[in-house]
Amino acid sequence: MEAAVFILSLIDCCALIFLSVYFIITLSDLECDYINARACCSKLNKWVLPELVGQALATVLMLVSMHWFIFLLNLPVASWNLYRYIKVPMGNMGIFDPTEIHNRGQLKSHMKEAMIKLGFHLLCFFIYLYSMILALIND
Amino acid sequence: MLHLPMGHSYPSLPPGYQKMGIPPSPLAGPVQLTPSMAGLSLQSQTPEALRVVNLLQERNILPHGAVPPPTPCLPQDLQKFNCSPEVFRCTLTSIPQTQSLLNKAKLPLGLLLHPFKDLSQLPVVTSSTIVRCRTCRTYINPFVTFLDQKRWKCNLCYRVNDVPEEFMYNPVTRSYGEPHKRPEVQSPTIEFIAPSEYMLRPPQPAVYLFVLDVSHNAVETGYLDVVCQSLLDNLNSLPGDARTKIGFITFDSTIHFYNLQEGLSQPQMLVVSDIEDIFIPTPDSLLVNLSECKELVQDLLKALPQMFNKTMETHSALGPALQAAYKLLSPTGGRASVFQTQLPTLGAGALKSREDPNQRASAKDIQHLTPATDFYKKLALDCSGQQVAVDLFLLSGQYCDLASLGCISRFSAGSVYYYPSYHHQHNPSQVERFQKDLKRYLTRKIGFEAVMRIRCTKGLSIHTFHGNFFVRSTDLLSLPNVNPDAGFAVQMSIEENLLDMQMVSFQAALLYTSSKGERRIRVHTMCLPVVNSLSDIFAGADVQAITGLLASMAVDRSVTASLCDARDALTNAVIDSLATYRSSVLTIQQAGLLAPSCLRLFPLYILALLKQKAFRTGTSTRLDDRVFAMYQLKYQPLSYLMPMIHPVLYRVDDLTDEGALNINDRTIPQPRVLQLSVEKLSREGAFLMDAGLVIFLWIGRNCSSSFLSQVLGVPNYSAVPQNMTRLPELDTAESVRFRAFIGWLREQRPFYPVLHVIREESQLKPSFMQNMIEDRTESALSYYEFLLHLQQQISK
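Top line first, the protein sequences correspond to chains A and B.
With the numbering used here, the residue at position 51 of the first sequence is 744, and numbering never jumps.
With the numbering used here, the residue at position 584 of the second sequence is 693, and numbering never jumps.
Note that these hints are calculated values from the structure, not bench results.
Quick caveat, the model's predicted, so the values are computed rather than measured.
Worth double-checking, as some hints may not be accurate.
Unchecked claim - Only pairs whose alpha carbons sit at most 30 Å apart, straight line, appear in this in silico DSBU-like list of lysine-lysine:
1) B:K403 / B:K545
2) B:K436 / A:K801
3) B:K215 / A:K736
4) B:K545 / B:K874
5) A:K780 / B:K419
6) A:K780 / A:K736
7) A:K739 / B:K461
8) B:K548 / B:K436
9) B:K722 / B:K473
10) A:K780 / B:K213
11) B:K189 / B:K554
12) A:K805 / B:K487
13) B:K722 / B:K487
14) A:K805 / A:K736
15) B:K487 / A:K780
16) B:K567 / A:K801
17) A:K780 / B:K473
18) A:K801 / B:K487
19) A:K805 / B:K213
20) B:K419 / B:K548
21) B:K215 / A:K801
22) B:K436 / B:K625
23) A:K739 / A:K780
24) B:K436 / B:K411
25) B:K290 / B:K548
26) A:K736 / A:K801
27) A:K739 / B:K436
28) B:K487 / A:K739
29) B:K259 / B:K290
30) B:K545 / B:K625
31) A:K805 / B:K567
32) B:K545 / B:K290
33) B:K461 / B:K436
34) B:K545 / B:K419
35) B:K905 / B:K215
36) B:K473 / B:K215
37) A:K736 / B:K548
38) B:K259 / B:K567
39) B:K215 / A:K805
The shape of chain B in the complex, shown without the other chains (with noise of 0.2 Å):
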């Protein structure tokens, strides 16, 4: 459970870092070599890092395999106590020294968080003491430095603390008098379980409540029965414990509760008519204990499809059933799931359609990117204030203008689902991948009224936050339920100039109640090197984290700006980098474009970007399925955003063991990673393109019959069926290869993505050339010739 070092005494901390008042010298170790004196000396000796590396010659540039994030320059053994780069990664691995520095090098500067992530192992710590610095709060993590054994100076502020006498013993080892090898100080990564200070009242119990339309449409669609059926399989496995409270609200143009208490025989429907003044017909019984009502609630899941079989209601009020949620889950806060299958039409909130189908493929701007009204954004901060979080599953066939709808989950730490079409008949890749999404939503962990609060050491600060929550004060994070899946990003600014430090920190703390109503803080630590010259800067970029920044960035532009703005910055933004690469960092000019090896992704990456549904021009879009991509970009954790930004494709017809990982006893197979052009493609082969939300299988015309048959359980490629969307689990070693491959990039993430196998002439077919990123297309320049276009404008 816990890992502490074997042998391992003090660690060990370059000269001049323990004693105060006397200036850091150089860092002792291999981190002496840094890349600025490399450049000095032979070429040979410079780290691969800062290769250059001429874009317009070199085709090859994607690696084997996935892209590993950069290590920072820090010394072996703090490096090894350094936050694992899945939950906390950063633009730039080594940051600059100062604002002026960083504003050279154009590139930003930010940090992309996880904090919730489901981990494998956490260590946990039951204290009475929970060491914080006394002025900055910071709990103590193992940058700390210890200056002798009775204090500790916090690496975020630099103030000298006492270790209290409690820390002094060490309960793992039995020792005492060595706080540096309690747990606290050998993890970065560290959950607490919380005293009574941390409480502002006694910790909630689990409360859900489900929100469903009920209107023509949305029985239509049959989402009602998947929606039940899901719940009744999993009621026992909702987290929370004995205290955990269920309730239903359905709605159509009316509101109607169900009253659940415990003596009754079956489930009373009370309904509200009065939309325009929602209130709660009877106190109690609304939202009931789960394990006591368990045959009740059970009784009304069963009956529920059946009751709106009938109705001819199209309107819909969602504002006021929405007003109602929030009044039934204030006392005690709780999550609401909604699920809406139109626009809302009645009430509170009604909502137009503002989507001009003839501008879906406008060259020009795009509008109505930002709410219509902001009626769900005050919702959304009243709920956030009662612990409320709104959660929104999006299930319709026409325009429901997301970009209002969705702000009742942005600012309340809820997650958008959207599932465009979905219809029980007409779309069952929906319903599966709805089935699916549903399990994980229901089970996945929880936490309640949380709050979440990023400290960096003193001379930076945070001044743009990314994500779904409520910036209630500076800082701090209001976040009334906190899931696994959910990603953060922040920029930050350096306000003082970092001189006389080697090293910055960052922590993030997130406060939050179990679902067993404990209440626990996890606390995440990083440390970075800091450096003062261009070339160390280029060297520690971290591509992938760059681009997923940018994108934030990007929709916040698209969102206050215009979508052409935001198009035009994120091309800035090669070009000024690279530029500033050229000019400052290069020591010998050559002709073409080049750039580090270390950045060597980054147009292609910006290019994916351009033609990602959410900022592409010149191609039908309808405009929630932008809203619902820009969301996306926001919300999701970079592991599992960059197969959604830059797919990523793989021949499959001839997998082999060779270099295959061993997990579990299951042989993975690891192709080669591919470029995304057709020119990759081949009649004779099968390819697998891993899009983040769907996965498609593209077979070619001529592809061999034994992949067919052995796979695909098809004789030849005409009987390929049309809309396949299930593998055959046959026995042969292809299809148990192929599948336990396919197997392992579902597992990567939460959502379910849905499997498509395409043929030539299939309908699916413009979606998965559309992510063929390096094609030329009527709209969109091809990427050699955006490098050579990002080649001209450098050379201005």
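Chain A on its own, in the form it takes in the complex (with noise of 0.2 Å):
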């Protein structure tokens, strides 16, 4: 039981670096002109709900195992999250905005943001293969 609460989550852990990367590959494009604002900014808000949700599902995963110590280090990044997503002004087009994105310096913000979630994730990733194996070898 353990052991496939903590192979959930380190799938889970595991798609959430993958979408860190993919952000921060698409804003690097777009600060090197690979890309024009509009393009970046449709394709990074399209995955702004599955890293929310994916990151509320690792959430409740710990909660609902009971393992609080690793719960409550989830619990800040996924209300972060849900607040970035409620908090969009109604004239702008998502949390990517392409009009906006290119003042007062959100394109470096965004990207301070990413790497900021890639380093956790990672972290998670590691404590949740820790404890997967743990888990595995205690059954």
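Make one complex out of these two single chains by using the hints.
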């Protein structure tokens, strides 16, 4: 049972890592002029909701299986994602808005956010891996 | 046409600038006496810009006439090549060397441009090779360095490039071997005719589409007569050539297209009522060639006002009409002019009334400054991608949610025109303004499918953009239409320290298709010195440019955060910069509110911004008026914007020819500029206030009867009509002088300011009094109180 939970979280975390890398690559493509703002933002906005769902899934899994420490680790990121999603102003085309992305250093701050999330997901990956192996050994 | 200085050899550069590898020595010449050095010596040697002014004691801080832009501190032979401040202006004419120094100065660093301004002298170069730097693609400009005759060094990235063979020959002087005398290196503003490498597709023709609201409300206002008449009058002066195309769409709850095919005897109207899924009824002949189908177009324009006279439709399907316009124009690109008189109620993009009339005079935060839907923004981006610009004319008496509607123009490089409470009978002054603005709009120069790039010397980078355009990728602004009345601003930061550099350059390059189908590039280059002391930075501060940039930044802040935040940020900008001046630049500490002479108007301008329609609280302001004022702050070029922020007040009942200007054989009097306070008004005089979009003429109760009879044509004060907006053309010397003065004021801007003559009991008196910035009101401080507040905050 334990092992199953951790295997699921591990897969989820892998998906989130790939997503973070995708965000970073797309944003740096925009910085280097390989794609334009509209294409970049529509690509990224498409994956905002899946990322939100994936992170929420990992958090809920940890809550349900009563691993409090990892749950508390995941909770801030999940709630930050939710906050950003809800707080998009009505006139904007999603979290990534092509008319605003080149203003006020938004591109840089999005990039920084994606990097931090990548680091966090990598950390979680190793935690889940360790816990899964531990659970498998204990079975 | 071209101005080449006589007897000019190599532009003499300061020593150490011509050879590579040798660290530059300090600039030779008069610039050596920099303000920082002067501060150590006697007070009398301090340049005028740094003269200490105690704002609490000096009342007369306004100059006699217009405020002159500061001149950068460059050697004379470089400064004469510098770009005109009407086209290109920087908030700090001496650039700080490091970002930390800039942060210490607490002044914003940015550029304000007016790149497509109508210029009387513009050198145009047709050349097979356009010389550009190989790495950064900068165009060759007066500030590059020529190391021997065959190589030139870029002033933005410092790469050494080769001079191409063709460039060595100068076609103007027919001489060989003097590349530095070519017009590209002699003019900071120049236009190239671009070869085919600069075209993604064959240059488009001029395509004009007019989208007209014909609901009952619209017909009531009577705007349709004015538009059709104006078009009929100006049909031959629309910029374009033999390929120019024109089309019309009218809409109420359905969309109407007009088949103007050449063989028809009269225009044929096609109605599309399925507004959920708009389609174009016929593939061509909705946009027709103007010269071939001129009679049909004229017939349509004559018939249009009567066609909808009896309409009872009250709904407005603006969203579907815009989608139809986009579909019609996307194959070629072009301009769509949309006329709207009410809130769109049907179809995609329908809006609800969000304004709460009770909140108009709220002293707290103002809501609903952001768009309600992203429909217009998305459509504007689609239009921008197909080189379609949408200009919006809003002629409405009620709330129209300009915050949402304006997006269609803001991101497609269009312009927004606003005529509140337009009505042909009840508001004739708006009608006159509309007519004159339309004439200018239809006949002014236009550029199509344009892009603009702003390049700076290595080390500086642009981080925020202000204006009507879409930033497609870093530094590349997509402008489907470029017009001569649009202004742009950018904010910069110093990424790498500018050590070893004496000067930095900025270049704005605008690539566009002219209305005659020629691909052209307009290039403006500006050069500014680099300094490393705070006092030099303050000495080079351009107070009007700083105010303009802060206004744009405050609009952004109001939209992303809140209006109160923006107001606080504006006040803090003054407090911080004056506090830095006091603590770091002043050598002698005195009591009072001290400012350098170049920034003495800064608190006054900030107070004016806080009392401007865009940012004021506590006074009843309609939401659409406020949003339009915010759009103007971001869109208007600085020289047209300043009277809108700080109106100019003159006494005009005693105009003399003393100090008058002589332009085109007309003598234009130059009365003194007065402070905006009622204590400057006098019952015995007449005063003129130039507020940008409107001009007020206030007549005192005991005004001299000679002024009244000779200028206004009335025998006494009580005979002055209530809603007078026109001046009689009398033969008297006073009338001629006065009309020359008003004509001169009006010529300085492209939009038409209406003249309102105000008596004591006039309805417009509150608007006039609201512009008296230095006075106290129930919701705002007087100028003196504001200064005391600043002083208190600074000494904390």
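Verification of the supplied hints:
1. This hinted pair checks out: B:K403 and B:K545 have alpha carbons roughly 23 Å apart, not beyond 30 Å.
2. Distance restraint check for B:K436 and A:K801: the Cα-Cα separation of roughly 36 Å exceeds the 30 Å cut-off, and the hinted pair is therefore not satisfied.
3. As the CA atoms of B:K215 and A:K736 are separated by approximately 38 Å, the hinted pair breaks the 30 Å bound.
4. Under the criterion of a C-alpha separation no larger than 30 Å, the hint pairing B:K545 with B:K874 is consistent with the structure, at around 25 Å.
5. Taking the CA atoms of A:K780 and B:K419, the gap is about 47 Å. The hint is violated against a cut of 30 Å.
6. For the given pair, A:K780 sits about 20 Å from A:K736 by alpha-carbon distance, which is consistent with the 30 Å threshold.
7. Between A:K739 and B:K461, the direct Cα distance comes to roughly 28 Å. Compliance with the 30 Å bound is thereby established for this hinted pair.
8. Note on B:K548 and B:K436: the hinted pairing holds, with a Cα-Cα distance of about 27 Å set against a maximum of 30 Å.
9. For the hint pairing B:K722 with B:K473, the CA-to-CA distance comes to about 15 Å; that is within 30 Å, so the pair holds.
10. Restraint check: the Cα-Cα separation between A:K780 and B:K213 comes to about 33 Å, which exceeds 30 Å; the hinted pair is violated.
11. The straight-line distance between the Cα atoms of B:K189 and B:K554 is roughly 28 Å, inside the 30 Å bound, and the hint therefore holds.
12. For the hint linking A:K805 to B:K487, the alpha-carbon distance of about 27 Å falls within 30 Å, and the restraint holds.
13. The hinted pair formed by B:K722 and B:K487 meets the criterion: a straight-line CA distance of about 28 Å does not exceed 30 Å.
14. Among the hinted pairs, A:K805 with A:K736 is consistent with the structure: their alpha-carbon atoms are about 18 Å apart, no more than 30 Å.
15. Distance restraint check for B:K487 and A:K780: the Cα-Cα separation of roughly 19 Å lies within the 30 Å cut-off, and the hinted pair is therefore satisfied.
16. Taken as a hint, the B:K567 and A:K801 pair is honoured in the structure, with Cα atoms around 19 Å apart against an allowance of 30 Å.
17. For the hint linking A:K780 to B:K473, the alpha-carbon distance of about 22 Å falls within 30 Å, and the restraint holds.
18. Using a Cα cut-off of 30 Å, the hinted pair A:K801 and B:K487 holds, with the two alpha carbons roughly 24 Å apart.
19. Distance restraint check for A:K805 and B:K213: the Cα-Cα separation of roughly 26 Å lies within the 30 Å cut-off, and the hinted pair is therefore satisfied.
20. Among the hinted pairs, B:K419 with B:K548 is consistent with the structure: their alpha-carbon atoms are about 28 Å apart, no more than 30 Å.
21. With a C-alpha separation of about 23 Å, the suggested pair B:K215 and A:K801 falls inside the 30 Å cut-off, and the hint holds.
22. Between B:K436 and B:K625 the alpha-carbon distance is near 24 Å, which keeps this suggested pair within the 30 Å criterion.
23. Only pairs whose Cα atoms come within 30 Å are accepted, and A:K739 paired with A:K780 is accepted, the gap being roughly 17 Å.
24. For the suggested pair B:K436 and B:K411, the alpha carbons sit about 26 Å apart, so the restraint of at most 30 Å is met.
25. Pair hint B:K290 plus B:K548 does not hold up; C-alpha atoms about 41 Å apart against a cutoff of 30 Å.
26. Distance check on the hinted pair: A:K736 and A:K801 sit about 17 Å apart at the alpha-carbon level, within 30 Å; holds.
27. Of the pairs offered as hints, the one joining A:K739 and B:K436 holds, with about 26 Å between alpha carbons and a cut-off of 30 Å not exceeded.
28. About 16 Å separates the Cα atoms of B:K487 and A:K739, which keeps this hinted pair within 30 Å; it holds.
29. Restraint check: the Cα-Cα separation between B:K259 and B:K290 comes to about 14 Å, which is no more than 30 Å; the hinted pair holds.
30. Between B:K545 and B:K625 the CA atoms are separated by roughly 25 Å; this keeps the pair inside 30 Å, and the hint holds.
31. Between A:K805 and B:K567 the CA atoms are separated by roughly 24 Å; this keeps the pair inside 30 Å, and the hint holds.
32. Distance check on the hinted pair: B:K545 and B:K290 sit about 43 Å apart at the alpha-carbon level, beyond 30 Å; violated.
33. Using a Cα cut-off of 30 Å, the hinted pair B:K461 and B:K436 holds, with the two alpha carbons roughly 26 Å apart.
34. Between B:K545 and B:K419 the alpha-carbon distance is near 28 Å, which keeps this suggested pair within the 30 Å criterion.
35. Among the hinted pairs, B:K905 with B:K215 is consistent with the structure: their alpha-carbon atoms are about 17 Å apart, no more than 30 Å.
36. Distance check on the hinted pair: B:K473 and B:K215 sit about 27 Å apart at the alpha-carbon level, within 30 Å; holds.
37. The suggested pairing of A:K736 with B:K548 is violated, with an alpha-carbon distance near 44 Å, which exceeds 30 Å.
38. Note on B:K259 and B:K567: the hinted pairing holds, with a Cα-Cα distance of about 24 Å set against a maximum of 30 Å.
39. A hinted pair counts as satisfied when its Cα atoms are at most 30 Å apart, and B:K215 with A:K805 qualifies at roughly 26 Å.
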